[in-house]
Amino acid sequence: MYGLYLFDVYISQLMLNKETYTDTGGSSLITKIVIINLPPMEVFEHSRSRKNDIHVFKFKGGQACHFSVLCEELVKIMKRLPLYIGVFRVNDEFPICSVRTYLSGCACDLNTLMIQNPKSFIFRGPFDLVDPGNSFAGQLGATITVTNMGRCMMAYYALVPDCFFFKTGPGEDEYKCNFKEKSNSSGQHRTMNLDADSPKSLVRGIVGVSPVAQYLARGSPPPQPPFEPLVDPRAARGRKKGKGKKGKKGKKK
Numbered sequence: 001m002y003g004l005y006l007f008d009v010y011i012s013q014l015m016l017n018k019e020t021y022t023d024t025g026g027s028s029l030i031t032k033i034v035i036i037n038l039p040p041m042e043v044f045e046h047s048r049s050r051k052n053d054i055h056v057f058k059f060k061g062g063q064a065c066h067f068s069v070l071c072e073e074l075v076k077i078m079k080r081l082p083l084y085i086g087v088f089r090v091n092d093e094f095p096i097c098s099v100r101t102y103l104s105g106c107a108c109d110l111n112t113l114m115i116q117n118p119k120s121f122i123f124r125g126p127f128d129l130v131d132p133g134n135s136f137a138g139q140l141g142a143t144i145t146v147t148n149m150g151r152c153m154m155a156y157y158a159l160v161p162d163c164f165f166f167k168t169g170p171g172e173d174e175y176k177c178n179f180k181e182k183s184n185s186s187g188q189h190r191t192m193n194l195d196a197d198s199p200k201s202l203v204r205g206i207v208g209v210s211p212v213a214q215y216l217a218r219g220s221p222p223p224q225p226p227f228e229p230l231v232d233p234r235a236a237r238g239r240k241k242g243k244g245k246k247g248k249k250g251k252k253k
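230 is the number that the UniProt record's numbering gives to position 230 of the sequence shown; each next residue is one higher, with no gaps.
Among the hints, erroneous ones may be present.
For lysine-lysine, the following DSS-like pairs were computed, each having C-alpha atoms within a straight-line distance of at most 30 Å [stated by the list, open to error]: (1) Lys76 with Lys51; (2) Lys18 with Lys51; (3) Lys119 with Lys32; (4) Lys176 with Lys60; (5) Lys18 with Lys60; (6) Lys51 with Lys119; (7) Lys18 with Lys58; (8) Lys18 with Lys32; (9) Lys60 with Lys167; (10) Lys167 with Lys119; (11) Lys32 with Lys60; (12) Lys58 with Lys119.
Pair by pair, the computed Cβ-Cβ distance ranges are [claimed, not checked]: (13) Ser28 with Lys76: 32 to 40 Å; (14) Ser135 with Tyr84: 46 to 54 Å; (15) Phe94 with Arg50: 36 to 44 Å; (16) Asp53 with Asn91: 23 to 31 Å; (17) Met154 with Arg50: 45 to 53 Å; (18) His46 with Cys152: 32 to 40 Å; (19) Asn91 with Val56: 21 to 29 Å; (20) Cys65 with Gly171: 25 to 33 Å; (21) Ser104 with Glu72: 16 to 24 Å.
Simulated from the structure, these hints should not be mistaken for laboratory data. Note that CB positions come from ideal geometry on N, CA and C, so glycine has one too.
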């Protein structure tokens, strides 16, 4: 049976070393994440800073999509196809750095529709990235979430002039929206000029945002554990091996 799922990508920040940042040429960056056979999720950088030779890009945003798939096949596909993460210059087709990794964690509630309050599958970074030469490039803080929405999704809404309310169930929290902002606008909020007699194309927006409304209403996401210093993990493993060999030689003497 086909189920309805929500795929959500949230990116907190990207850290690049000096060499990789030089390859960007100072261009604006976009992160693309691909899971199974869905279109790439794209998130643009919001701001950037520098600490010593480490360049930090703040994203603090994400993208979500709904998709349908045979629930018996979803987990099998997730096991078979790796997750792809790539960092690109805006309008460029070749990644500055990337990684392919297989998903891990509990996805028990994704393969059935006969369950109440299913738990989401969550796969969280930081993810180590490598450049085209397979050298360590940096780390990406990201959270991948797949949620089982059941066979269908409903939203209740009410319209009043220049405002609308919606909620996903009779006993659920109610959300109010009284402004909208066009992409690439000057940043000023614009009134909706909403016709309370007809929702027109508004319903599509309500249905789109309702599954993540509770998450978005919290504003800034809960704080994550601090990132460790940016170190090539392969170099760290090499140092550990070296220490072990010295210890063995000492015992032989």
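Return the numbers of the hints above that this structure violates; sort them in rising order. Of the numbered hints given earlier, those the structure breaks are 1, 6, 14 and 15, listed in rising order.
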